[in-house]
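Novice: Just need the whole structure built from these sequences, with the hints factored in.
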Amino acid sequence: MKKNGVKMIKINSKNVDVFYGKKQALFNINLDIEENQVTALIGPSGCGKSTFLRCLNRMNDVIDICRVKGQIIINDFDINDKSCDVVRLREKIGMVFQKPNPFPKTIYENISYGPTIHGMAQSKNEMDEIVENSLKKAALWEEVKDRLHEPGTGLSGGQQQRLCIARAISVKPEVILMDEPCSALDPIATAQIEELIDELKKDHTIIIVTHSMAQAARVSQNTGFFHLGELIEHGSTDKIFKNPENKRTQDYITGRFG
Amino acid sequence: MNLVIFIFIVLLGFTSYYFGRKKAYSIQATNTRLTALPQFYGYYLAIWCAIPAFIIYSLWAIFEPSIVKLIILSDYSNQGHLDDELNLIYEKTKSLSRGQFSGEITTYLETSAEKYLNLRSIAQNSKVVLILAIIIASIVYGYKRISSNNRTREPVEKFLNAVLFTASLAAILTTIGIVFSLIFQTIDFFKVIPLFDFIFGTHWYPAKAFVRDASEPLDPSMYSDTFGAVPIFAGTFFIALIAMCVAIPIGLMSGIYLAEYASTKVRQYAKPLIEILAGIPTVVYGFFAALTVGPFLKDIGTAMGLEVSAESALAAGGVMGIMIIPFISSLSDDVITSVPQSLRDGSYAMGATKSETIKKVIFPAALPGIVGSILLGVSRAVGETMIVVMASGLAANLTFNPLESTSTITAQIVVILIGDQAFGDPKTQAAFALGMTLFLVTLSLNIFALRVVKKYREKYE
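Listed in order, the protein sequences are those of chains A and B.
The working numbering numbers the first residue of the first sequence as 274 and each following residue consecutively.
The working numbering numbers the first residue of the second sequence as 26 and each following residue consecutively.
Calculated directly from the structure, the hints in this document are not laboratory data.
Treat the numbers as computed from the prediction; the structure is a model and nothing was measured.
We put the CB at the ideal spot given by N, CA and C, even for glycine.
Errors might be hidden in some of the hints.
[Unchecked claim] Taking CB as the label site, the calculated pair distances span:
# : chain 1 : residue 1 : chain 2 : residue 2 : range
1 : B       : Tyr286    : A       : Gly392    : 23 to 31 Å
2 : A       : Val335    : B       : Thr60     : 20 to 28 Å
3 : B       : Phe262    : A       : Ile336    : 43 to 51 Å
4 : B       : Lys379    : A       : Asn398    : 24 to 32 Å
Specialist: Following this line, the structure appears as structure tokens:
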């Protein structure tokens with residue numbers, strides 16, 4: 274989105290380094306993420322794109338040996354600062370994982386999980402509304418409205434992933450991080466998710482890590498190319514795919530390595 | 026001599042392995058492709074060498090004594106002895122032949138003893154000869170059959186299959202045997218004591234059965250009010266309950282701590298340390314309960330003005346609970362650790378804290394496994410004997426006061442079977458009835474636990 278012709282920057286990362294123990298996984302990443310756009314992060318396996326994604330909601334905290342340096346500024350606030358409340362941060366920044374990971378609970382409970390822990394609903398009716406809206410936004414409502422109280426693990430893979438998206442958007446996050454959300458899905462389910470991503474960008478800023486360059490080209494407006502822990506090139510998807518500046522980028526998107 | 030034969034067969038088996046393999050190698054050396062790896066030919070020959078010999082050997086061991094006995098006693102067959110007398114004569118003959126007989130030696134006996142020794146040496150020699158012949162024949166046969174187009178892998182695999190099958194069969198047959206001996210004795214017991222009295226009677230006093238004069242005929246009416254098992258059933262479940270009240274919270278919380286909170290280093294040391302608890306013999310727990318915890322509780326109770334028996338259900342149950350902690354903590358730790366990381370990630374990514382994640386996602390997901398571990402703990406508690414015998418006394422009081430002494434099924438079995446006892450006596454058979462009851466209870470608990478665990482497994486597969 275442009276406001277007065279100026280692109281709004283939602284996330285601004287400055288000199289981000291990440292270490293796993295002694296091994297450095299990311300080197301000096303400077304990347305701006307535009308608001309209400311889809312940004313794709315591409316690159317060969319092990320290039321650090323998922324690591325970078327996990328920096329944005331501090332999921333790397335879960336890994337004992339992982340250290341993050343540098344600044345990641347979201348809404349004028351450095352999330353790596355000590356004063357940052359991780360619970361609030363993750364309420365603002367949702368995440369969808371590579372493999373669908375619904376909780377072994379009912380569909381309803383899967384969605385109501387986030388709103389419950391953040392105290393977002395005052396009554397049962399309010400919660401019902403949140404669940405319904407989230408499922409509708411995730412294009413899953415029609416398929417599951419009659420079996421909300423059946424286990425979420427009983428759904429098909431594509432449905433499970435949309436359930437996870439519904440779970441993520443139930444707390445109305447500003448940003449949604451997606452870590453290869455379609456890699457475990459078939460082409461039809463993938464197309465549904467991609468359609469959904471396009472829809473979601475109206476209300477959310479989306480960052481998607483993907484192995485499929487075709488997918489990056491289809492869903493994203495901006496693209497960043499990672500290689501060996503460095504951000505090689507970033508810019509509008511059009512430019513990256515049609516006219517990359519860096520030779521490595523060109524080699525990768527034309528399939529010469531990766 | 027038997028040991029020598031045995032070792033000889035084993036050694037020959039090993040040797041023929043090498044010969045079989047060697048022949049296979051030599052066939053291979055002529056650029057012929059074998060149907061199996063050379064060691065299979067070795068195993069094949071070793072099996073041919075050892076198995077027929079062992080079969081003959083064991084058949085001989087089974088039948089030799091009875092055949093010898095038949096031949097010896099055939100001399101006495103026309104003298105009109107009773108079976109018991111014949112057995113006695115045979116035993117006398119045997120001890121005389123060993124030179125250990127101290128009674129009156131008759132000519133009859135002397136002849137028999139000589140004949141016995143003679144027969145034994147014939148049997149021994151013919152056994153050696155027969156086994157040697159069998160071994161040679163089967164090795165030659167097996168060796169001849171080793172050729173490039175003879176399959177050896179299948180027979181060897183079949184043999185292994187048979188060995189493994191026999192091993193599991195042995196375990197199963199033992200179980201069946203034990204269960205049947207329990208069943209028959211229990212049935213005998215209930216022929217004298219009505220089932221109703223046993224299950225609903227509130228007075229357990231098996232010592233009363235001692236009073237009976239063995240020469241008098243058995244009169245069931247004198248046992249009324251002797252074998253009422255309610256006090257000991259109640260005591261069993263009461264003590265198990267106390268134990269679980271100690272074991273479940275502590276075990277579960279330490280399991281959760283180890284799985285979710287402890288750093289790798291703490292876990293590395295803490296887990297084995299907790300598991301050491303499981304390695305302490307229960308008799309050690311028993312005297313810990315009887316000599317340390319019991320008197321300690323009594324002192325505290327006296328200071329608080331309470332009447333505490335030195336042998337109390339609380340002491341036994343509490344120490345039993347400590348004994349069960351490692352089962353619950355270790356098993357629930359494993360179960361919690363096996364909850365997929367993706368569920369934790371999903372919960373953290375929603376902004377849940379660690380304790381919320383554990384409470385709302387991990388615990389429910391791991392619950393069936395945790396229930397399984399608790400049930401295994403319960404069946405340990407119900408079956409535990411030593412601690413109760415030592416710390417809670419042997420008097421079967423019907424009480425629910427944890428400060429008083431009470432007794433359990435297992436402890437009563439010990440009471441009944443210590444010292445002299447007569448088979449066929451209701452007092453002895455009462456032990457079988459109690460054992461049967463205990464077996465049924467723990468069996469159903471185990472089946473239930475396995476069901477729950479199985480249900481859990483299906484969840485992530």
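Novice: Next, verify each hint and record whether it holds.
Specialist: Evaluated hints:
1. B:Tyr286 with A:Gly392: 23 to 31 Å: The hint (23 to 31 Å, Cβ to Cβ) holds, given that B:Tyr286 and A:Gly392 are roughly 25 Å apart.
2. A:Val335 with B:Thr60: 20 to 28 Å: violated, 55 Å
3. B:Phe262 with A:Ile336: 43 to 51 Å: holds, 47 Å
4. B:Lys379 with A:Asn398: 24 to 32 Å: Holds: the Cβ-Cβ distance is about 31 Å, inside 24 to 32 Å.
The structure does not agree with numbered hint 2 stated previously, though it agrees with all others.
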